Amino acid sequence: MARDLSFLFPELMLASTVVLMLVAEMLRAPRLALAFGLIGLGLSTALTLPLLEADTSVFGGTYRVDLLSGWAKLILLPGTALALLMTRAEIAGKDREGSVYVLLCLVTLGALMLAGGGDMMLLVLGVVLTGLGSFAMVAWPRNDAATEAAMKYLVFGAVTGSVMIYGLTFWFGGAGSTLFSELGALDGKPLIALAGLVAVLIGLGYKAALVPFQFWAPDAYDGAPVSVAAFLSVITKVAAIFAFAQVLRDLPVATGWPFVVALIAAVTMTLGYLAALVQTNAVRLLAYSSVAQAGYFMMGIVALGTSALALPSVIVFGAAYVAMNLGAFAVIMIAGRNLDDFKGFGRARPVVGVAMVVFLLSLTGIPPLFGFVGKVLLFGAAIETGYLWLAVIGILNSVLALAVYLRIVVSMYQAREGDAGRTEMAPPLLVVLWATALVTALMGLFAGVFPG
Amino acid sequence: MPLLSISVFLPLLGGVLLMALPNKSARIAHGVSIATTGLTFVVTLAIWARGTLPGGFAQVEEIAWIPAIGAAYRLGIDGLSLPLILLTSLLFFLSAIYAARITDRPAVFVALMLMLETASIGTFAALDALLFYVFFEVSLVGMYFMIVGWGYEERQRAGLMFFIYTLLGSLPLLLAIIGLYLATGSFDMRLWIEAPPLTGLAAMLALIAMLFTFAVKIPSFPVHTWLPAAHVQAPTVGSVILAGVMLKFGTYGLVRFALQMTPDAFAQAGQVVLAFGVFSALYGAFVALAQSDLKKMIAYTSVNHMGYVVIGVAVAALTLDPDLRAVALNGATLQMVSHGVVTGALFFLVGMLQSRAHEREMTAFGGLLGQVPWLGWAFVLSAFASLGLPGLAHFPAEFQIFLATLNAQPWAIVAIIAIVVTAGLYLRAIAAVFLGEPNEKWAAMPDLDRGEMQAVVPLLILIILIGVAPSWLLGMIDATMRALQF
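Each protein sequence line maps, in turn, to chains A and B. For the first sequence, my numbering begins at 16 and goes up steadily by one. For the second sequence, my numbering begins at 5 and goes up steadily by one.
Calculated directly from the structure, the hints in this document are not laboratory data. Mixed in with the good hints, there may be bad ones.
Simulated coverage check for chain B against chain A, where a stretch passes if three residues somewhere in it have a Cβ under 8 Å from a Cβ of chain A [what the hints assert, rightly or not]:
{"no.": "1", "stretch": "129-141"}
{"no.": "2", "stretch": "150-160"}
Here are some of the chain A residues that sit facing chain B, going by a computed Cβ distance under 7 Å [what the hints assert, rightly or not]:
{"no.": "3", "residue": "Pro93"}
{"no.": "4", "residue": "Leu278"}
{"no.": "5", "residue": "Pro383"}
{"no.": "6", "residue": "Phe394"}
{"no.": "7", "residue": "Ile398"}
{"no.": "8", "residue": "Glu399"}
{"no.": "9", "residue": "Gly401"}
{"no.": "10", "residue": "Ser413"}
{"no.": "11", "residue": "Val414"}
{"no.": "12", "residue": "Leu417"}
{"no.": "13", "residue": "Val464"}
Estimated spans, in silico, between C-beta atoms of each pair [to be verified]:
{"no.": "14", "chain 1": "B", "residue 1": "Met457", "chain 2": "A", "residue 2": "Asn353", "range": "30 to 40 Å"}
{"no.": "15", "chain 1": "A", "residue 1": "Asp70", "chain 2": "B", "residue 2": "Asp268", "range": "55 to 65 Å"}
{"no.": "16", "chain 1": "B", "residue 1": "Ile67", "chain 2": "A", "residue 2": "Pro466", "range": "13 to 23 Å"}
{"no.": "17", "chain 1": "A", "residue 1": "Leu67", "chain 2": "B", "residue 2": "Val64", "range": "47 to 57 Å"}
{"no.": "18", "chain 1": "B", "residue 1": "Pro58", "chain 2": "A", "residue 2": "Val366", "range": "47 to 57 Å"}
{"no.": "19", "chain 1": "A", "residue 1": "Val366", "chain 2": "B", "residue 2": "Thr107", "range": "51 to 61 Å"}
{"no.": "20", "chain 1": "B", "residue 1": "Ser359", "chain 2": "A", "residue 2": "Ala363", "range": "22 to 32 Å"}
Keep in mind it's a predicted model, so treat the numbers as computed, not measured. Using N, Cα and C, we set each Cβ at its ideal position, and we do this for glycine too.
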């Protein structure tokens with residue numbers, strides 16, 4: 016018991032942080048809640064470092080402390096800290112401000128459950144924990160748009176969640192255990208394996224906003240505060256992808272699941288970018304772009320169990336995605352939600368403009384930025400597994416991606432009629448921008464620190 | 005001293021330094037620009053003085069980068085890349101001198117140009133495929149912003165077309181690189197050249213991917229359509245760099261990657277590549293003949309000249325005679341350098357004409373030779389070089405290419421018709437712009453000023469030098485080409 020708990024220090028730290036933040040919020044001290052949150056996230060990141068080399072599981076195999084869950088903490092905890100700062104910049108001084116901070120950290124705790132889950136029960140727990148907090152955050156502005164978005168999000172989540180639980184019972188029946196590590200027993204039972212796979216694809220696919228379960232994403236992102244949209248688009252998505260990796264790497268390849276996932280990956284990235292191409296709202300554009308990025312993630316999932324590049328590719332691209340997508344949303348917070356708001360933005364704010372160009376080119380996969388390294392690994396993993404066609408589709412979509420992101424870049428450097436309103440930038444936002452821009456621009460050159 | 009790394013990163017350092025300066029006036033920006041590119045040119049001369057090794061890469065520099073996947077920072081040169089590096093550093097130096105008249109956001113322009121120089125030299129010097137790809141793509145970004153930031157009327161559309169077209173073009177190369185990597189577990193290009201890792205269908209697929217990438221970059225028919233748009237809309241310096249340096253990425257890659265890393269597949273597909281080369285050479289010449297816009301005309305002659313390079317490389321792949329191979333590849337490599345020098349000069353001169361007249365249509369001019377003799381004679385000399393007159397830069401290159409072609413693949417000699425067409429179109433352009441009745445409208449046109457002379461005259465001297473005595477270049481190229489194993 017003591018051994019098991021000693022591997023859970025980061026999670027325990029985060030859980031107690033959430034409790035302290037709740038108390039601070041009850042005292043109507045949002046700044047205190049924020050401070051608790053930042054310190055707690057920092058401490059729990061630090062506590063992860065000694066556990067990074069561990070490769071074990073605790074509590075009878077239900078929770079995994081391995082490469083994937085270790086890096087999930089290293090990526091998601093700092094990512095959440097940045098999202099906290101963005102939220103502070105957006106909603107400082109508003110009513111019920113602290114409750115958003117608490118929810119952010121609570122959802123991250125659920126995200127860690129997803130990324131480390133080794134058991135079906137824990138998977139369900141993670142999905143519910145991330146879901147409930149997210150619904151509340153989307154509804155937070157209390158206006159019509161937000162309420163509608165949260166409602167869609169909730170109904171969609173409730174339905175997909177129950178379908179997932181139903182489908183998991185097939186796996187439980189077939190394998191005789193709720194542990195993922197026992198899924199090997201499904202070898203030779205393709206129908207049962209498929210039934211459960213479809214259920215997992217629905218449940219986690221909704222969380223990761225894969226096509227065809229992406230409908231909620233643009234509405235939810237657009238209805239929520241921009242910083243919350245940023246958080247949802249990175250933290251819950253990356254957690255769902257890592258959960259995919261935890262679940263599927265034990266499922267026998269012979270059941271044919273990689274092909275199903277490859278199909279979904281191809282459709283997701285193509286439709287995501289096609290839809291993004293016609294958006295006039297920057298938040299919705301990035302929402303569809305993050306749908307497409309989920310498709311790229313799935314290229315790494317396809318290669319699980321066959322390619323040694325699979326796990327590193329998902330981890331590296333996960334880190335890159337968190338940095339560049341948070342950064343792009345932070346720029347939207349400064350420029351405005353509409354694509355028209357970007358007109359002349361690059362000339363009015365040269366430094367932030369360059370940062371946005373870096374984020375967008377990295378999202379496209381232009382070297383030597385961080386996103387490029389992730390994509391090379393993803394392509395390599397897919398090709399090594401024999402999915403050359405998927406890599407080709409990924410490459411064609413990179414061109415589509417450029418067309419999507421250049422729409423923002425082009426309007427940033429167009430002349431603007433009238434004077435460009437120069438709003439003051441909140442200091443927390445400045446921290447977020449610098450941190451994400453530096454990581455996006457330079458981590459590609461220092462990619463050697465990641466596991467290979 | 006790691007001279008290669010210094011030459012690659014010195015320009016970038018200059019750009020970063022400039023961005024960090026509190027005072028970014030035009031004077032300071034262009035001062036930094038000329039000093040940095042000049043110093044880089046000196047460094048590349050020092051690299052030249054150190055020399056190359058026959059049959060291998062010289063001056064190799066290596067540092068670990070991503071050891072987990074076998075990618076490292078590896079630089080080195082041989083007789084193929086060194087002439088191109090020298091050409092690059094010279095053209096950037098001259099561009100920096102000419103660009104000193106730019107007053108619109110000069111600091112940003114200079115920073116972009118210096119970033120482009122780093123990417124260009126890096127592309128030629130990289131010995132690690134991932135590193136090569138990084139430099140190759142960064143150059144795209146720099147050129148995109150140069151076109152949309154400082155181009156002419158339709159720059160937005162031309163820039164977008166350039167970026168999307170060439171990104172689509174370069175991504176297949178990434179697939180080929182990943183394929184080669186998965187077969188060896190390393191991104192070291194020397195390993196891939198020493199023992200080509202792919203065979204059979206895999207090699208052919210990799211070759212097709214690479215050919216597509218480099219055909220877009222060269223550009224070869226039928227994927228050349230981005231070139232006229234980009235050239236016409238790009239600022240003068242952008243055109244010079246695009247034609248003089250960046251088109252060479254394609255031909256360099258054709259030899260370094262396609263020929264050296266998948267030689268057997270290349271030999272099998274040789275006739276197809278040769279046919280594309282011949283068609284490109286002819287097509288480029290005839291379409292250039294149909295242009296009345298000077299910039300567009302020169303852009304299309306690039307398609308023609310680069311077609312000869314493709315012919316040379318394809319002939320080398322198809323023949324087994326080592327002497328003929330060396331002749332064909334020597335011609336192709338020299339043609340890359342000659343084209344950079346000659347077309348660089350032509351784009352400078354047309355840019356100078358355009359900045360005076362705000363006009364590029366040939367018919368709008370007439371009799372300018374008496375008005376602006378320096379500009380006129382410089383243009384005449386460059387045009388004669390471009391049409392392949394003996395004693396000027398293109399002749400020794402094209403002669404060797406055609407010599408090898410006639411011996412190895414006689415049918416392909418039909419491409420020589422293109423030379424006649426090119427002669428016709430240049431004579432027509434000279435007659436329309438510089439001879440005939442002087443047009444009153446341009447009576448006050450000034451001749452070349454000192455800065456413009458400094459940018460053009462070195463190129464004119466090189467045109468004659470390469471034409472009359474090419475051996476100082478050919479010696480170094482030949483030593484490498486004879487030792488090539490494929």
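How the hints compare with the structure:
no., hint, result
1, 129-141, "holds (count 4)"
2, 150-160, "holds (count 3)"
3, Pro93, "violated (22 Å)"
4, Leu278, "violated (20 Å)"
5, Pro383, "holds (4 Å)"
6, Phe394, "holds (6 Å)"
7, Ile398, "holds (5 Å)"
8, Glu399, "holds (5 Å)"
9, Gly401, "violated (11 Å)"
10, Ser413, "holds (6 Å)"
11, Val414, "holds (4 Å)"
12, Leu417, "holds (5 Å)"
13, Val464, "violated (9 Å)"
14, B:Met457 with A:Asn353: 30 to 40 Å, "violated (51 Å)"
15, A:Asp70 with B:Asp268: 55 to 65 Å, "violated (44 Å)"
16, B:Ile67 with A:Pro466: 13 to 23 Å, "holds (21 Å)"
17, A:Leu67 with B:Val64: 47 to 57 Å, "violated (35 Å)"
18, B:Pro58 with A:Val366: 47 to 57 Å, "holds (50 Å)"
19, A:Val366 with B:Thr107: 51 to 61 Å, "violated (22 Å)"
20, B:Ser359 with A:Ala363: 22 to 32 Å, "holds (29 Å)"
Consistency with the previously given hints fails for numbers 3, 4, 9, 13, 14, 15, 17 and 19, ordered from lowest to highest.
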